[in-house]
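Note that the protein sequences, when read in sequence, are chains A and B.
Position in the first sequence (from 1) plus 24 gives the number in the numbering used here.
Position in the second sequence (from 1) plus 24 gives the number in the numbering used here.
Be aware that one or more of the hints could be misleading.
If you only want the chain B side, here are some residues facing chain A, beta carbon under 8 Å, derived [as the list claims (entries may be wrong)]:
| # | residue |
| --- | --- |
| 1 | 41 |
| 2 | 49 |
| 3 | 58 |
| 4 | 59 |
| 5 | 60 |
| 6 | 63 |
| 7 | 67 |
| 8 | 72 |
| 9 | 78 |
| 10 | 81 |
| 11 | 82 |
| 12 | 251 |
| 13 | 252 |
| 14 | 254 |
| 15 | 264 |
Derived by calculation from the structure, the hints in this document are not laboratory data.
Predicted model only: the values in this text are computed from it and were never measured.
Backbone N, C-alpha and C define an ideal beta-carbon position, used for all residues, glycine too.
Protein chains: 2
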Amino acid sequence: MKEKLEQLRRRVQEINDLESILSLAFWDQATYMPSGGGEARARQLATLGRISHEKLTDPAIGQLLEDLREYEKELPADSDEAGLIRITRRMYEKAVNIPSDFISEFYKHQSDSYHVWMKAREENDFEVARPNLEKTLEYSRQLADFFPGYEHIADPLIDYRDPGMTVSVIRPLFAELRKQLVPLVEAITEKPEVSDACVRQTFPQDKQLAFGLEVIKRLGYDLDRGRQDLTAHPFMIKFSLGDVRITTRVKEDDLREALFSTIHEAGHAMYEQGINREYEGTPLADGASSGVHESQSRLWENIVGRSRGFWNYFYPRLQKVFPGELGSVDLDTFYRAINKVERSLIRTDADEVTYNLHVIMRFDFELDLLEGRLAVRDLPEAWRERMKADLGIEPPDDKTGVLQDMHWYQDMIGGMFQGYTLGNVLSGLFYEAALKDHPEIPSEMERGEFGTLRRWLTENIYRHGSKYTAGELVERVTGGPMTIEPYMRYLRSKYGELYEL
Amino acid sequence: MKEKLEQLRRRVQEINDLESILSLAFWDQATYMPSGGGEARARQLATLGRISHEKLTDPAIGQLLEDLREYEKELPADSDEAGLIRITRRMYEKAVNIPSDFISEFYKHQSDSYHVWMKAREENDFEVARPNLEKTLEYSRQLADFFPGYEHIADPLIDYRDPGMTVSVIRPLFAELRKQLVPLVEAITEKPEVSDACVRQTFPQDKQLAFGLEVIKRLGYDLDRGRQDLTAHPFMIKFSLGDVRITTRVKEDDLREALFSTIHEAGHAMYEQGINREYEGTPLADGASSGVHESQSRLWENIVGRSRGFWNYFYPRLQKVFPGELGSVDLDTFYRAINKVERSLIRTDADEVTYNLHVIMRFDFELDLLEGRLAVRDLPEAWRERMKADLGIEPPDDKTGVLQDMHWYQDMIGGMFQGYTLGNVLSGLFYEAALKDHPEIPSEMERGEFGTLRRWLTENIYRHGSKYTAGELVERVTGGPMTIEPYMRYLRSKYGELYEL
């Protein structure tokens, strides 16, 4: 059986190698590739993707997994070997359950749909994108049906990004969160508006980039195993546990853009850099889920990076970088500016408090659409109503409403958004657990020390890679199921003080 | 048969896609990869290389080539279809003739040998590298023997880089060249030494890079289909005909380093960018040979980039970039500095006139070693003697002698060097032919116009990719065989005037 396991390991490593190089080709496309390289690159990505898929769906992998079934049962569930078999089986079944004709048809549709969406956005007209979106909904339903036995039709789709999560877990959690957030947003937005003028001056790109790098190095992002480049949209990408890169973008007229996206992506990257090095080349060397990944980017970006303690240490340094702009701005003014809460239309621009309402709305719409309770043509109207109800504002057009996110238009309907809010919920939960073990974390942070927090996260989350699901990680850390309470306590405490609620 | 040809095309395109992405992974390793990425990257490169090799040696390709044999005979030899079949057959036979055990053993040895060479260089001791080099010689002989029927044992090895070239063609050409170069070097070095102090001041990196880019854009390097990055050793690399990149390095205390290596690599890149776009994704979309490739880098670097006409246009611009350093240096002083001839030990630092003597010596040693007329252990002594005879100086140690080039230590013995001098010879030959068709080229150059020359090269060389061998290209251009005379006329005329011979 050791030999069979070794064979399986070799096969998954080969696939892992191909996927890593695919990622590299994608990274290059987003960073340095000249425009003339696009056409051939698309073909090269397709070729490599096809070969990787062929390797993953090789019946020999199915046979090995079958041969290892009894052996797996004898292994402790939390052993690395059992984890490797389990995660490989999950990947394999996801890959073989779907007919390849369906995949190529759906890919083609996604690519068309994406281009039509760009046109629709330009023309600010949902109707342009609607027919494709209706087809996408059809494809999404079909995709779910390749995994029979689900409780809710969205479950197999959610499982792609958040393995083990289901509608029955998420729906009540999000409903409760929404119930508590709507009045909190109302209470905050009744207070006088905060000024963020101090972060809206002109801040030269190179200085912003240098300061951002200084910050994330201090947080613990290892630049010997990573680097930062500029892209249109920031992302984190991994080529191996020794090479986990991030990208950022800079707005010279808004200091927050690069700074917080840099910390956000560094949070993702520190997670990957913290995975057990022995998992290298296997599917265990990956984040547990979209939600757990987002919990780390949001924890570092918001709970740490937008905290008063963090800026106690970093603000004098930032002032030295921008003496003309910030020299006479006091810490409190700056702290309020970077934590300004407001009713806004665009999810990606939203603050910590309102953000989840944007996400929960999209999650609910996905369920409504999949269940057939909402028709695609009625989406813009539903969007307006829900925004009014939850955030008290209505988008004046489709561009700032239903057309704003690319997810549904380039991917599928179902499972696209829950990770963002699961991430926030988990960030609060994990941070509270870390504080319980190490009450000294906040005072360390005020001195610019982040080692205790990072080590706790590494020990309890990072090093395990994808061995445990989000639910299992929470269970191991808190002894119970996922709950929104720690996150809500965090929000109420921070914003209660900020807005004198 | 059209269908078989289409199948063949699809298969070579798949291999081409894999090889392109392999190149990208190599480029990234040399430019931006953090040090921590090295270990996994090596494995990923090996995996992708193995898969590409498996695809190339798939018996189905052999069968298709067999099926197409009669069809190919009916095609005009200069048709693209015939070219595609011919070049694919060449690749295929090279790949299948060698047992895979031999390949992996030889690769392993090459990698070991390279590391030992680095150590030997550090310790300045050939004896450290000798045992590995002796094995390399053995492997090189075995490799040649997988291609029986050769006239000279070096022929199959030369064929890797310079298809169609043989010892019987190169040896007399190089012997004659040496006979003419040795006295030319003697005559020049008897003259008073030229001062190159003006290019040895301090020139900031960013200004050097900006000026270099301005120059190669003007020459015709298309930055929409290319880019330039920094590496330890400059190179040109292609990911598709729409993405042909170059790298450079800068010495702030020597203006020549970045400038001429930039033009050199841009020469390689313009060749690739000029290949018929219809060849994209096939083995035709490649340079004809190492020699023809080098003819283009050297033509643009030396015949164009070190000419007086070129600097008539560019020198006032360069002076504007470095007014403090060059403002009071006249064009003639600068022109002499960048064309300074001297007896020197290191091939890569050598000037236009002495360079070929370094190369011919190495070529001759490869033949001597392969023929068994020279033992590896006697190489350092032979090196010293030959340097004395041809260049009038002797290396004081191994580092500046037999250990200076990595070729033999990381690759094989045989076929490693002829391309450099073939390139020089061809650069003279092609340039003279271009002048015959377009006598206006030099006066255009003085105005900073390079279009006529570039179009002539594209029409006669670039667009054909690898369809014709070097010999066929020469035959098509001049109606005769390769000859050193145009190149020697060029050297004698330029350096005769410069050194008043």
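Now the hints, each set against the structure:
1. 41: Hint on residue 41(B): holds, closest Cβ of chain A at ~4 Å, below 8 Å.
2. 49: 6 Å, holds
3. 58: Given a least distance of 5 Å, the restraint on residue 58(B) holds.
4. 59: 5 Å, holds
5. 60: Constraint on residue 60(B) satisfied, holds at 3 Å.
6. 63: Where the cut-off is 8 Å and the nearest Cβ of chain A is about 6 Å from residue 63(B), the hint holds.
7. 67: 6 Å, holds
8. 72: Hint on residue 72(B): holds, closest Cβ of chain A at ~6 Å, below 8 Å.
9. 78: Hint on residue 78(B): violated, closest Cβ of chain A at ~10 Å, above 8 Å.
10. 81: 16 Å, violated
11. 82: 13 Å, violated
12. 251: Residue 251(B) check passes; min Cβ-Cβ to chain A is 5 Å, inside 8 Å.
13. 252: Nearest chain A Cβ about 10 Å off; hint violated.
14. 254: 12 Å, violated
15. 264: 3 Å, holds
Checked against the numbered hints given earlier, this structure breaks hints 9, 10, 11, 13 and 14; the rest are met.
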